[in-house]
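Here's the letter readout for the chains.
There are 2 protein chains.
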Amino acid sequence: MRVEIWADIACPWCYVGKARFTKGLAGFAHRDEVEVVFRSFELDPHGPKGVTAPVVEVLAKKYGRTLDEARGMEEHVAASARGEGLEYRVEGRDNGNTFDIHRLLHLAAARGRQEELLDLVYRANFAEERSVFDPEVLVALAVEAGLEEAQARTVLADDQAYAEDVRADEREAAELGANAVPFFVLDRRYGISGGQPAEVFTQALEQAWAGREVTAPEADGGETCEPDGACAVPGA
Amino acid sequence: MRVEIWADIACPWCYVGKARFTKGLAGFAHRDEVEVVFRSFELDPHGPKGVTAPVVEVLAKKYGRTLDEARGMEEHVAASARGEGLEYRVEGRDNGNTFDIHRLLHLAAARGRQEELLDLVYRANFAEERSVFDPEVLVALAVEAGLEEAQARTVLADDQAYAEDVRADEREAAELGANAVPFFVLDRRYGISGGQPAEVFTQALEQAWAGREVTAPEADGGETCEPDGACAVPGA
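In order, the protein sequences belong to chains A and B.
Position one of the first sequence corresponds to residue 9 (the working numbering), numbered consecutively onward.
Position one of the second sequence corresponds to residue 9 (the working numbering), numbered consecutively onward.
If you are wondering where the hints come from, they were derived from the structure by calculation, not from laboratory data.
Please read all numbers here as calculations on a predicted model, not as lab measurements.
Ideal Cβ placement from N, Cα and C applies to all residues, glycine included.
Certain hints may be false.
[What the hints assert, rightly or not] Calculated from the model, a selection of chain B residues having no Cβ within reach of chain A, i.e. all distances over 10 Å:
1. L51
2. E136
3. V147
4. A188
5. D195
6. V208
7. E234
[Stated by the list, open to error] Reference excerpt, derived from the structure (chain A facing chain B, CB under 8 Å, subset only):
8. V98
9. A182
10. E231
11. D236
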């Protein structure tokens, strides 16, 4: 079975939701048969590259609240994160354009290191005093994830590298009706929106597993080979 | 959209079917949004490693025919292949255990070179005077596909390398009800069995594209972030 998770690394509920999904997956009997793929989704695709602002200030402005009130909103999210055993810093985090991070995550996917990099990026952004909007931090994280430094630098320096992969993921999200993240899709059949409790994920995995079947309107008539090497051959 | 193709490289209809699928895909308007993944399926999983026999002899024995009659059966397949613009040699091909080839194809997948290697292996087996049951040929094909020679040798020398990936693909085929190959699965939703005409693939792709939607019984209630950075925050 295959689970696709649309997420943005700037999205707190994606960070929390991934931890909850991971717990839900651990409670699923067929967990070893599940492939997890991360898909790009930018919360702020139009934000200018290289321009960042403190999260608390952005929240205060967006909701018309004081900085203290905005800090209180962040503390609510932080409490959820800590409830999942995740560290969460309310102060010192920046908001910004995440396109380059998504491009780098696609390089990591091509090298089989996507989840490693994603976890490191989440951790740097939400738990550590490291800015994921600093290209040097991204290079260091890529190396920690097992990528080659030169490759990471090449991708970051070339705006077009993996850009189409990011956009294709985002088009797919729109086509599947996902307009908020995290968004989880099980075998392209079941969608789960948001950072649900772990048991919701376990149940959804069980339901999707039980419902696995392939509609095969064109299943007959094609020439095939069967095990033991018997191929449909005219005149055989 | 994602298309998974279960196939064995020893399967003539998989070779022909891939060419037909490729033509069908070329006629599909959203072809650039289609990801194609190849999945392992062994026609002869119990065949001893390192033991091969000429295909014509194997066919004659299986169907109780003379060698000439078996050659005639192969000529029928060859005619279909040539009809797709593929070279096909009736004589000089061997049958054998393809487990190591599938393991190598999984290495190639991890390096983003799976289709390149698959096409080269098909071509070596069906069109060229090269035995894909010779490890040195496989190493050469891997290098042609862009893999590192040392990695290919390491994988071929270690029976366990990517073995579980091959078996997982085969378990999935069984769970999806595929008992012959090629077997095409579109977005885990539509199955197409056999080397169908190209237009059948185009129609199936169109049908699967039109039917894209995700059942979302748990779509509500999870905490999400929306574009423009609006996250569900208690008290916001």
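Going down the list of hints, with the structure as the test:
{"no.": "1", "hint": "L51", "in the structure": "violated (5 Å)"}
{"no.": "2", "hint": "E136", "in the structure": "holds (20 Å)"}
{"no.": "3", "hint": "V147", "in the structure": "holds (21 Å)"}
{"no.": "4", "hint": "A188", "in the structure": "violated (4 Å)"}
{"no.": "5", "hint": "D195", "in the structure": "violated (4 Å)"}
{"no.": "6", "hint": "V208", "in the structure": "violated (6 Å)"}
{"no.": "7", "hint": "E234", "in the structure": "violated (4 Å)"}
{"no.": "8", "hint": "V98", "in the structure": "violated (12 Å)"}
{"no.": "9", "hint": "A182", "in the structure": "violated (10 Å)"}
{"no.": "10", "hint": "E231", "in the structure": "holds (5 Å)"}
{"no.": "11", "hint": "D236", "in the structure": "holds (7 Å)"}
In this structure, the hints that do not hold are numbers 1, 4, 5, 6, 7, 8, 9, in rising order.
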